[in-house]
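Trainee: Here is what each chain is made of, one letter per residue.
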Amino acid sequence: MTTFGWLQIGLYLLLLLLLTKPLGAYMARVYQGERTFLEALLRPMEQFIYRASGARAQDEMDWKTYATAMLVFNALGLLVVYALQRLQDVLPLNPQDLSAVSPDLAFNTAVSFATNTNWQGYSGETTMSYLTQMLGLTVQNFVSAATGLAALVALVRGLARRPAPLSSPPQAGGTEGGIGNFWVDLTRSVLYILLPLSFLLALALVSQGVVQTFGSYRTVSLLQPITDANDQTVTQQTLALGPAASQIAIKQLGTNGGGFFSTNSAHPFENPTPLSNLLEMLAILLIPAALCYTFGRMVGDTRQGWAVLAAMSIVFAPMVGLAVWAEQSGNPAFARLGVDQTASDLQAGGNMEGKEVRFGIVNSALWATATTAASNGSVNAMHDSFMPLGGLAAMWLMQLGEVVYGGVGSGLYGMLAFVIIAVFVAGLMVGRTPEYLGKKIEAFEMKMASLVILIPVLVVLVGTAVAVVTPAGSASVFNPGPHGLSEVLYAFSSAGNNNGSAFAGLNANTPFYNVALGLAMLIARYWLAIPVLAIAGSLARKNKAPAGAGTLPTHTPLFVVWLIAVVVIVGALAFLPALALGPLVEHLMLGA
Amino acid sequence: MHDLVFVVFVLVFFAVSLGLIAVCQRLMEG
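Quick note, the sequences are listed as chains B and Z, same order.
With this note's numbering, letter number 77 in the first sequence gets 77, and the count goes up by one each step, no holes.
With this note's numbering, letter number 5 in the second sequence gets 5, and the count goes up by one each step, no holes.
Worth double-checking, as some hints may not be accurate.
Pair by pair, the computed Cβ-Cβ distance ranges are [said to hold, decoys possible]: (1) L278/B / V12/Z: 51 to 61 Å; (2) D231/B / V16/Z: 26 to 36 Å; (3) V16/Z / Y217/B: 36 to 46 Å; (4) V16/Z / L573/B: 22 to 32 Å; (5) V23/Z / E34/B: 31 to 41 Å; (6) D97/B / V12/Z: 31 to 41 Å; (7) A22/Z / L17/B: 35 to 45 Å; (8) N507/B / V8/Z: 25 to 35 Å; (9) P332/B / G30/Z: 40 to 50 Å; (10) V12/Z / A475/B: 26 to 36 Å; (11) V12/Z / A335/B: 29 to 39 Å.
Straight-line distance between alpha carbons at most 16 Å, and here's what the computed EDC-like set of lysine to aspartate or glutamate pairs gives [said to hold, decoys possible]: (12) K447/B / D3/Z; (13) K542/B / E442/B; (14) K544/B / E442/B; (15) K542/B / E29/Z.
Pulled from the structure, derived: some chain B residues nowhere near chain Z, Cβ distances all over 12 Å [stated by the list, open to error]: (16) R35; (17) F48; (18) D62; (19) V111; (20) Q208; (21) T433; (22) L451; (23) V515; (24) K544; (25) P577.
Source of the hints: derived by calculation from the structure; they are not laboratory data.
We treat Cβ as the ideally placed atom computed from N, Cα and C, and that holds for glycine.
All chains should be modelled from the sequences, with the hints used to inform the complete structure.
Mentor: Spelled out as structure tokens, the structure:
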């Protein structure tokens, strides 16, 4: 790897760290209802939304009400996106006269965007009208991210608060243990965090050449005519356009990942320059990293947030190293053909198959690890063409449960579930009362945290097993041997952890995969958010015990190491056998 | 017909999810 390669990774991580505290502090103010510099501009809009929707913003909700509101809102959004796709041929803003999306693909896509996964079984430019992209997909990019943020903030309140009665009149089903108001958290997430950041990023992306237009596609003459497979001379090309920049900004910031165009951020109209690449990569991890600081501020001890961020970063860094090393080392099959894979001033070297020459090895591998660490799923290179160990790094980051930064909100609440496990196990081992931030961790919290960790594992492994043993599943696998298994495992790891990226070699736009992956995405999103909110409700009812001699400190390097061990051991135990049959054996076969 | 199948599928999933809330609440209450 070149010096510039190391410098690029270092610059990226440095910028991310520098932005963590200011954004994290700002988000803490937003969620604690404090004044921000956007108050004068956005407060009237916020009040209007509450009045228009009938939301009683001053009321606290107990966890059941909060979870029910989340489910109802998401179900309605999902059905709207489904309807938009099925009716797009008769709706406006469809200059290319695209037909209605098939029912199974419409279901898969609606689920995908409502669950913040953004798995795409379609090509955007040939399938989705502008109306569907904007009113359906982009809107879901905002509200699905805001849903994740809301669930996290509710959990943090459960950890931070002392028991207090709900406001009068109480919400149905509870008299104490309020964890906030879902409608307020959703609205403030969108208005104060996602919209302003997306606006700034979209402008920056447009300045770099990302397209933003309602105009129809353009047909242009090729500078150099080519001959196609039928010996016909091709002199023209149709360039797909559309309102891309506005969708790409939130696709990255909201850890959504769904590309406007089929090739996602490898497309020159989505990601034209090295600067746009850096900005988009930063946007992927920005909010998930900053939320760690937000968490620390909200619980009154920023050291707790830094400790969690440190644990995430320590897992992330080696995965970046592994992916970059694997790709930069090149492909032995190319070496046998005499291809020069040495890095030099004239070429990036390494395994450049499936990568954009304007990004090279480092920015492709760094993006692949960031996007899979963050449950984002956007790509600027084709992961299917990565070396086996490069693909393994991306796949394993998803399989850890998307807790290494993870999705906006969902990443940190997943990591806090691991923290609960870590605290409980450590407490048992040393004979201390398991507690976190002064709240006792008891059997109920352990059961819920176990659900959060085990459900995605179950979904991924069972889904993969069913796919490879059924004709409907195996018919989509074009690569024989371990790489074919890797493709199926990657697909279910992606859907079962709400990531959305793909090993593109699998034909996933079939009724089997559209339905199976759709179900995986639904379970992975909502059947994790519900136990998380249940933990929040349970903790909110508990008194905070003052720290004493028997308290396990959870901000120390020792606890960070322990937390990493718990995350890695669970991830390794659950997925090592499957990985051994896929990327690991493929790596060994390549070297044989 | 397909539309009905998928819409019902989604509604059933969310109904089961509401049931999961109730199960979690019962577990919480011991």
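Trainee: Is it the case that V515/B keeps its Cβ farther than 12 Å from each residue Cβ in chain Z?
Mentor: violated, 8 Å
Trainee: Holds or violated: K544/B with E442/B, Cα cutoff 16 Å?
Mentor: With Cα atoms ~14 Å apart, K544/B and E442/B stay inside 16 Å; holds.
Trainee: Starting from the range 40 to 50 Å, see whether the pair P332/B and G30/Z falls in it by beta-carbon distance.
Mentor: violated, 59 Å
Trainee: Minimum Cβ separation between P577/B and chain Z greater than 12 Å?
Mentor: With a cut-off of 12 Å, P577/B remains clear of chain Z, as the shortest Cβ separation is near 29 Å.
Trainee: Does the hinted range 51 to 61 Å hold for L278/B and V12/Z at CB?
Mentor: violated, 44 Å
Trainee: Beyond 12 Å from every chain Z Cβ: check whether that's true for D62/B.
Mentor: Violated, since 9 Å does not exceed 12 Å.
Trainee: Given a hint of 29 to 39 Å, does the C-beta separation of V12/Z and A335/B actually sit inside it?
Mentor: This hint is violated: roughly 54 Å between Cβ atoms.
Trainee: Can we confirm that no CB of chain Z comes within 12 Å of the CB of F48/B?
Mentor: Given that every Cβ of chain Z is farther than 12 Å from that of F48/B, nearest at about 29 Å, it holds.
Trainee: Far enough from chain Z: is every CB of that chain over 12 Å from the CB of R35/B?
Mentor: Nearest chain Z Cβ is 34 Å from R35/B, so the label holds.
Trainee: With respect to the beta-carbon atoms only, verify the hint that D231/B and V16/Z lie 26 to 36 Å apart.
Mentor: Violated: the Cβ-Cβ distance is about 57 Å, outside 26 to 36 Å.
Trainee: Using the beta carbons of V16/Z and L573/B, state whether their distance is inside 22 to 32 Å or not.
Mentor: holds, 29 Å
Trainee: Given the hint that K542/B pairs with E29/Z, test it: the Cα-Cα distance must not exceed 16 Å.
Mentor: Roughly 13 Å separates the two Cα atoms, so the pair holds.
Figure legend: structure checked against the earlier numbered hints; hints not met, in rising order: 1, 2, 9, 11, 12, 18, 19, 22, 23.
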